[in-house]
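With the hints as a guide, bring both chains together as one complex.
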Amino acid sequence: MKHACKRVSQLTSESFDRDLSLAEKLQLKLHFAMCGLCRNYHQSLQTMAGIFEQIREHDLKQDIQLPIEAKQRIQSVLEKEK
Amino acid sequence: MTDKEMNPELWLKEHGDYLFRYALSRLHDTELASDMVQETLLAAWRGHERFKGDSTLRTWLVGIMKHKIIDHIRKEIRHRKISDRLENDPTSAHFSENGSWQHSPSAWRDNPEALCDNQEFRQVLQECLSHLPEKQRHVFEMRELAGDDSESICNAYDITPTHLHVLMHRARLALQTCLHEHWFGGHSKS
Ligand SMILES: [Zn+2]
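Quick note, the sequences are listed as chains V and U, same order. Be aware that the first sequence starts at 0, since it is given in numbering that gives the first Met the number 0, and climbs by one per residue. Be aware that the second sequence starts at 0, since it is given in numbering that gives the first Met the number 0, and climbs by one per residue.
Same shape as in the complex, but just chain U (with noise of 0.2 angstroms):
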């Protein structure tokens, strides 16, 4: 780092919207999400000798930032004791004793680059994904609102990865009937 890089205001004027995104997208609370810019630019000036400089600035901003979100993830989990017992299993509703499908899934045949410009439809998706349960949605989101990988979100929410692929299963699951009911389903999508 040159001494003219070398200068936190500066970070924060170049960086601080990308962070601000990206604490966001994995938080959902803009008070949060600015705390948490200003947690990492704070640790990041504070240990600036070890920026090696084999990254990019943003990339090694970015590797700070993670490890403060999983911080607070876990700590937020200890304190709120956010329960995800697994022992009954939601998913046995969607099949019959032997194992076959109670409902028939549709399979889906439209534009997800469409979809995602349909106003309408984004607030079906969203009121889906608010009726499953917190936790489930939490580590849902994390892996694809915030697209992070199996092993950041098994770290934040202290779960094996045979855990995650549960969670993710149950709530894709949900998602699929909850979609088909309120929208692909009969819904008039024109």
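Next comes chain V alone, as it looks inside the complex (with noise of 0.2 angstroms):
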């Protein structure tokens, strides 16, 4: 095979974090065509992203709060400072 798994594994990790160059990208496409199991981690990569991608979405609208404590703590800062 060309292109070893190995390799091809530490690009389609990259394809999440850059812009692949065309080679690159020319590279995962034939390596993906005859390559099952590439092809799977490639999509569970996805999957992943998308759950990760969920629970940031997920989390912004979860209501936490600045601790109260910690509030009337700052609010005492900034009163002096002014």
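By construction, these hints were calculated from the structure, which means they are not laboratory data. Each hint should be verified, as a subset may be incorrect.
Claimed, not checked - Calculated pairs, BS3-like style, for lysine-lysine (alpha carbon to alpha carbon, straight line, at most 25 angstroms):
#	chain 1	residue 1	chain 2	residue 2
1	U	Lys-51	U	Lys-74
2	V	Lys-81	U	Lys-67
3	V	Lys-79	U	Lys-67
4	U	Lys-67	V	Lys-70
Given below as structure tokens:
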């Protein structure tokens, strides 16, 4: 196999963090066409990225508040500063 | 900024919770996150002439906090000397000598939204995250849970983009394997 799966798995991961070059994209495409395992891996990373995206959105909507004691402390620090 | 808006106590009231959530998702420590809110508001107040009004007040405050968090992480790393040696490659265990897979990754076709709401799955995910080496975990969480861009993460951890990609790759492969073992492969999901 021209592009071993080890190298392809690294590139697959990088495709989630940066724009791949045209050559790299082609390399992945060609490899995926003949390697079901790397296709599966890519698919699972896509699902993983989707899960984290959901968690991010979910956490943003959560009503976590600055603890009241901290709020009071900061309030008095700011008062002194004014 | 109008005179009425030029009031740090009002900033605390209107943006305090948001800033707190922002810090908490990156530092995972309530006390520390509260301190960050305090430092951010103090710095903003001391430098309020520098607020140009070409962004919203919240964006400006978040910008200040972002720097404070990066500074904090940098100090923390220097202080604790968190190691991140790249010499031995943990991904090697997943591949044979000619670079083909040692195990067979499965494709996951589950719905991310449903998984996110599934408490049992969230627990397994936490468990798998907790097995990652410290720096790998921090970098991975800053990227995937806090959603920061690569540049801020490289800045905070003082690493090159290449190094970041290696850490992300290792984390993903380890998580993929762990989640396969404990969830996607054969676990009853109903
Ligand atoms: Zn392959």
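- Can you name, in rising order, the numbers of the hints this structure does not satisfy? Violated: hint 1 alone.
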